[in-house]
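**Q** Listed below, chain by chain, are the residues.
There are 2 protein chains.
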Amino acid sequence: MKCRKCGERALISLRRHNAGFCKEHFNEFFVRQVEKAIKKYEMFDYSDKIMVCISGGKDSLVLWYLLHKMGFDTTGMYVNLGIGEYSEKSLEKVKAFSEKHGLKSIIVNLTQLGHPITLMEKRVKRTACAICGTTKRHYFNKVAHENNFDIVATGHNLDDEAARLLGNTMRWYPEYLGKMSPALSADSQIKKKVKPLIRLTELEVGAYAFMNGIYYIADECPKSVGATSMIYKNALNTLETEMPGTKHYFYSEFVKNVAHKFEREETEKKEMHICSICGIESFLEVCTFCKMLEKIK
Amino acid sequence: MKCRKCGERALISLRRHNAGFCKEHFNEFFVRQVEKAIKKYEMFDYSDKIMVCISGGKDSLVLWYLLHKMGFDTTGMYVNLGIGEYSEKSLEKVKAFSEKHGLKSIIVNLTQLGHPITLMEKRVKRTACAICGTTKRHYFNKVAHENNFDIVATGHNLDDEAARLLGNTMRWYPEYLGKMSPALSADSQIKKKVKPLIRLTELEVGAYAFMNGIYYIADECPKSVGATSMIYKNALNTLETEMPGTKHYFYSEFVKNVAHKFEREETEKKEMHICSICGIESFLEVCTFCKMLEKIK
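Heads up: the protein sequence lines correspond to chains V and D, in order. Just so we're aligned, residue 558 is where the first sequence starts under this note's numbering, counting upward by one. Just so we're aligned, residue 558 is where the second sequence starts under this note's numbering, counting upward by one.
Treat the hints loosely; a few may be bogus.
Claimed, not checked - According to the in silico footprint, chain V covers these stretches of chain D (three or more CB under 8 Å from chain V):
#	region
1	782-791
2	807-818
As the list claims (entries may be wrong) - Computed footprint of chain D on chain V, listed as stretches where at least three residues anywhere in the stretch have a Cβ under 8 Å from a Cβ of chain D:
#	region
3	715-728
4	779-791
5	805-819
Bear in mind the hints are in silico, worked out from the structure with no lab data behind them. Since the structure is predicted, the reported quantities are computational estimates derived from the model, not experimental observations. Don't be surprised by glycine CBs; every beta carbon is placed ideally from N, CA and C.
Take these sequences, add in the hints, and give me the full structure.
**A** Written out as structure tokens, the structure is:
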């Protein structure tokens, strides 16, 4: 296969775009997809102070690398989850990456804070993934608020979000379906959240990392084995193989023409509280994260 | 595994209901599911004249068998599609079945009418499945109208409808998503259409046919090889294996709480016409079926 742009030998073939690209033009394609997402969903501009949530995996490091390269004001934010060797390895990747590129970052260490995920999952009756999600969300909000960031950017890609949409669709959860946009506007205490890799697949992000020497932790989190998100990703991959372009259409058409049907009317919205412990906005008087922490004490 | 009701050896195990049943109690379960569907969706009652659309496959014959057994006024309606040996075999099954049970039926023969599917697919630029769907729909409406039936019943099961919903969801077609109910009310010229097997899976219908000596054509239509509906069925089966009950929840929750979001407002509805050739209601001045027939002439 040849590169669609220059006719040289293609390094990657993208069936959903019916195109092959050499390294140079794949990079060009990749950056254009990120630019399109930022522009289309009005994510941020050069005046914004962006906090990039980093896990040490390919998606978040590629996102950080690119936003920095594009000239945006970025700071990495990494939560060390305290999941044994996996967390140590991912921390090493994050440190090596930020040193190599001279990037500043903020590190939150759950073990030092006294509640690594491995301890929390023993005390709290929820899956490790649910506990981890709530905990990361808490620190994303807290750090972004305390450091006056304008934007919280995460590395979620098209596979992540299409799988989440499929899961929410299988259950038709209106609260979740109303929050599928790749740019969620800020609330009084919650910063605007954006997903600039939304137009790119897992495979494309991996290829970009590989071609550009971005060294990430390739291991999946040991706690995520058997996670339902993997089941939905597999189902979508089956459909994508038979009908290339399905994932992107399914997600983008939903966001464009359907999501608004699930957004709550202002009058229907649940009353928001300020968590009486951590002071962050929540549906509850004491937020889920603080309730979990109480069980650790 | 033992029967949930009587403790005897179970003949069938239904994971989504976390139950096993002997023959007697599976039959009881099966009939109850059909009764529930008829009642819940207010499909019809004993005063209605019901036309049951028959293909010779398990679903339609089981439906006919059951509705007759339950005492409803039924007539079978079979369209011989003119697809070689497949159509001949299915006609034999239909004849044998109606003779055995002393049931009356109406037969439409596309070959005698001069337009078997095999000829139409040579002249019309659409897939055989699309041509067949339009053609059957035309004759269902025509025969139901001419014979004053109140109800048109089809044997679609949960797998069929959940797969159709998944396909429509992948594309977010509002026109189709607004018509997913298992009981579509009558229009001026179109009779009410119902799907009483909606609470039962393909496997359950097959087991019922087997246990009750209903001999159906087991071959899939040779034209349906590679049909996209099969791709969606496979994807749903993968999800169902991991999360039993997914198919039923996905479909029934949509119909209950979501479908109305896709129904067009009266004011938005497209103007309906009476097809100037066949006289049946259509969105177009000449309906799609009559347009296809013009290409055969």
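**Q** It remains to establish, for every hint, whether it holds in the given structure.
**A** Hint check:
Chain V is given as covering the region 782-791 of chain D, and this holds because 4 residues of the stretch bring a CB closer than 8 Å to a CB of that chain, at least three being needed. With a cut-off of 8 Å between beta carbons, the region 807-818 of chain D has 6 residues touching chain V; three or more are needed, and the interface restraint holds. Remark: the region 715-728 of chain V is confirmed as covered by chain D, as 3 of its residues place a Cβ nearer than 8 Å to a Cβ of that chain, reaching the required three. Requiring three or more residues with a Cβ within less than 8 Å of a Cβ of chain D, the coverage given for the region 779-791 of chain V holds, as 4 such residues are present.
Counting residues of the region 805-819 of chain V whose beta carbon lies closer than 8 Å to any beta carbon of chain D gives 8, which reaches the threshold of three, so the coverage claim holds.
Hint compliance for this structure: no hint is broken.
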